[in-house]
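Produce the entire structure from the sequences given, and follow the hints as far as they go.
Residue numbers (my numbering), protein chains in the order written: chain P, 1 to 292; chain H, 1001 to 1313; chain C, 2001 to 2711.
Note that these hints are calculated values from the structure, not bench results.
Label-pair distances were calculated between CB atoms; the ranges are:
#, chain 1, residue 1, chain 2, residue 2, range
1, C, 2033, H, 1310, 26 to 36 angstroms
2, H, 1072, P, 118, 30 to 40 angstroms
3, H, 1131, P, 45, 32 to 42 angstroms
4, C, 2495, P, 146, 53 to 63 angstroms
Even glycine gets a Cβ: it sits at the ideal position worked out from N, Cα and C.
Okay, here's what each chain looks like letter by letter:
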Amino acid sequence: MWNRMRLVGPRLARVLRKSSWTNRIASLVLLLTLVAAAVPDLIAPFDPVKAVPVDRMLGIGVDGHLLGTDAIGRDIFSRLVYGSRAVWTVALAVSAGSLLLGSLLGATSGYIGGAFDAVVSRAIDGVLAFPPVLLGLVLAAIAGPGTWTAIAALAVVFTPLTTRVMRASVLAERGAAYVHASAGLGHRPIVTLVREVLPNTIGPMIVVTTLIASRAIIVEASLSFLGVGTQPPQPSWGLMAAEAQQYIFIAPGQVLIPVLTLAAVVLSLNFIGDAMAEVLDPESRSVRVNTR
Amino acid sequence: MLRFIVSRLVSTVGALFVLTVVTFVMVRLMPGDVVTTLTGIENVSDEARERITREYGLDQPLPVQYLRWLSHVVQGDLGRTALTGQPVASVLAEKIVPSLQIAILAVMVSVVVAVSLGTLAAVRRGRLSDRFATLTAIVGTSLPDFVVGLLLIVLLARTFGLATFGYEPLSEGFLTWARHIVLPVLALSLGLIGLLTRLTKTAVRETLQQEYVRTARSKGVHGWRLLWRHILRPSLIPVITSAGLQLVAVIGGVVVIEVVFSIPGMGKLIFDALRQRDYAVIQAATLAIGCVAVAVSLLVDVIYRQLDPRLRR
Amino acid sequence: MTDIHGEGTALRGATATVAPLLSVRDMTVVTRGSQVPIVSDFNLDIAPGETVGIVGESGCGKTTAVLGMLGLLDPRQLAISGSARYGDTDLIAAPDTVRRQIWGRDVGIIYQDALRALNPVMTVGQQIAEVFEAHGGRPDAKEEVVNLLARVGIASPEVRQHSYPHELSGGMRQRVMAAIAVAMRPRLLVADEPTTALDVTIQAQVLELIRGLVAEMNMATVLISHDLGVIAGMCDRVVVLYAGRIVEQGDAAAVFEAPRHPYTRALLRATPGYVGKVAGRFNFIPGTPPAPSAARVGCAFRERCSEATDACTARTPELVEIGAGIEVACFHPIDPARTEDRGPAKGSARAGSGVVTVIERGPAQPTEEPQATPILEARNVTRVYGRRSWLRRSAAVALAVDGVTLTVRAGECVGLVGESGSGKSTLGRLLVGMEDPTSGEIVFDGRPVSRMSGAERRAFRRSAQMIYQDPRSSLNRSYSVGSILRTALRAGGADSSDVDAQVADVLERVGLSARYAERYPMSLSGGECQRVAIARALCVRPKVLVADEAISSLDVSVQGQILNLLADIQRDTGIGIVFIAHDLGVVRELCDTAAVMYLGRIVEQGPAKDVLSVPQHPYSMALKSAAPIPDPRRERSRRRIILLGDPPSALAPPKGCAFHTRCPVGPLNHPDRTACIDDRPDLRSPDGAGHAVACHYVGSDANTALLGQVT
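Quick look at the structure:
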């Protein structure tokens, strides 16, 4: 295992040095938003939640408000910073959840095959066809709206993606001679699966997980817009855009700012995902199955 | 082929059955007093409660309730909406029209644009058309639907005199209908275009590497014949499979778009129903959507098998 | 009906002074990005009606050279300079509108892998008709398609034309490719490894077809192959490529009999059938064929050459005519008058060149008699693969191995010969315990495997190791060589205190230096990967090694290295070896005993030299006859046994003798031989000397006459 890390190290260094400007900017964007998500209180100058009616609808740069204030006087920049936390919580939780679940399901399904595999594949196809927004709405109706409802809904909808990729990788490797050779050394099947097959699945899995992270951010924004994601007064970029919808002709910036931030993060994730595919698994040709 | 359709229909019925059961159970799981939810009245009198309980069979065990509902459905009675008391079936019939129009138009536009852009990008690799197509794809896939809707409203509505609110049926005149439907269709399309363009580009690029393209060239085949028979047709197979899956995801987009543009379609219907716990509508709408999803899936499978003779044995 | 034909075609002399059909001058192909030369300074004239063979190993650039001279390379990835004149047109520089008139009409191409070269969503009939459509169409296109299919030997052509490529067998697909290529009676036919992916008896059919078409339509032909036997049988002239350059060129008979370039000579010697083992060792060329890399000065072959001097590093040798139409690019061409040095190739890397050496051992001592005790046995094993489906009541079952008995003794090398579908690989998997037989027993050290406990079975799997056909696939790309070997050593219960020393030890035993432990499989050549695979097998101290086509995917110049290694290991440790292959020549030289398999059954077995030099079973005879011999005079004049049609499917094996549907002396040609249809023949040895044959009519006049036709 450590030997493989040694292989990644020099390759990573090479990639960083040869990175295009887009990749470098993308990394920077992700880094900044992650820092904002981790320690928002250190960065945001104002309270993101408390309404200050006196200061409503101030323009950019007025009174120390970097990006102005919204309709009830909250500093937009501070809300943006705190909003990063909501967005990244969803993205990371959904990614981690679907990665874990998908790996387990996909690996066992691909390796064992047979009836188990058939059942799992059918279930996956069924769930895959379900629109995430709809599931979010339904779950919200049952369990109440909120960030964790959104996370649960998205994890369910995106797990089929990771399952599929893992299953496909495992199936592809299962026929390889080195897998048979491992059995020939007397290893039990579980040992062969973990030691021989899994390391070769890491590349595609990481790629699909970055994809899921970016998808999760977008859908969470839609869910917040519909009122079933992050609940006010907590900020989330999608929610900020939704709340500013009515002022779109008077103060378009209030919609555009969170939207552009969102787009920037999503784009950065996509670029980094592509770059990682180069590093980890240069032979991968992942067919992206996107959902909304 | 027939055998395939039949076997698929069989598994379809199974899937539909599971779907109805799941929605049925899920609706019953929603918090709150059932009677209140069904009637919309906060404090129900005891006799009214008793009457309603009898009418809906709420005191029966769940499987019985389910069978009652199912038997009604088969007869075409989908219950009544709690809001207005109208029969759900007629409400659905009315609301499905705008949603279908928007969805189908969006799909048509997207497919035409995306396949053209994607093919162009793959064939003229690295040139302007490639970059343009890639840019479109990126923009389309990194913005949530409602954002696209809002942006279109800001950018285009005033300039072109397009409506940003509501829906007018064709009977009111083509221009009126068009003014109201253009923005929603565009908003929905952009995301789809982004996705499909990228898919098409990858698929075509891979096909271009295939040996049989070289064989065709070495026979003297060129031009449109080469493009369609040897490049596009084989490429479409993976594109259609993926696209088929995406079509169902369009449903999610429809919900958001209808909310943004206040269109009285299925999406808005189900959105309101979920908020207001209108059981009958939720159940019926979910069933309707499920049926559509399954039908689309079946259609895609049939087309796919028709296109790829390797699957036909 | 089975036919025996294949009369030789006369060799043509040196080409007369007729205007060449295609004239290539100074063609050089370089990759666009990294400027890596794939082909350099390629010059060739093809006279009308002449057959030119282009020979070389993997990476030598032969396909690129030929595609380049036809103008079919992708200009976005490869930069090509030089000219290739066909009539008034320069195929390299002319625009597509001009070239596509020539493509398909004047030039026809048969590609290597028809499954990839044919469009999977069009019928074969449509793809043939397309050639006509692309050149203005013809009113009788439909009939002509059927005629062409019939001409290339496809049965029921009116029906078959509506088939898709994946519905046809490999041999049939290649025939379709041939039909497409000759549809418009081109003046030039190009065949790029047309039979490489096919079984040897099918290869013989397809080569026969191509010979016939060339003669009938009087086409000039360019044949690309790495198989010198195939080249010998078809070509008037030979061009030898190495690292993208022509190193020798000339009349086929002359080049084969007296090669002038050291590479050509070494390549011929390493080819089975050219010359036998020398001092008990297989011939090979040390090192590996070079991968295309940045241009270097000097002869590319110098690191593997026995004649190399400093001059070979200083300048790149040019192609020079040294008489009688033969051109060589070498500073030390071989003088055919000198007595040939027939010893094994001297040394490997030159001192100080920094190449990590592969250690070769000296000639072998005579092998001892294999001991009598069997280590591993297959007793009447049958392996069936079932396909059950809900909708159909009767299950479709494939009979992969049918009642086979085989014994492997310590120190013995057993050869298993057969084509695809013969069941030899399945038998190999059964022998190492990868799969279980449907009936019958695998017995290891006297104990039946089916009655072993879990732990005992795992121990058995360690004792019977397999070497796989694809060396790259048999090593996990995520782990280093050292890591792979350490895992194997631990699995074999080795003491973990001096693991590194043990790794170095086992690497040395397979001829690799200890520095290989840090390398990753991606950076190794095919031959080196196979050595590592063998090392891994040795780590668990097996008693039997099953080599399943272990050298088939390696270059000819490297195969000998692995064969010598296997022979050495057997001599040193006394393990038993099962060598599965389709190449009779190799098996005859390597193995003590051999068994020939057809459709899951053993049809002949006995001492390797007997079975494969003087086969008694009609199928074995056909197999031997089909193998091309790298000797132009013999290859072009001998008669061959050509089997008709494809082997029957394992889903529906014929009753009685499995071979009777294609047997040259069976019921098809001798209707009185009904026993072949009714009774399945047992393996019987007529003289009791250990050479057993499963045929009802062994030793009969017809069978003996058939043998007489096999050279």
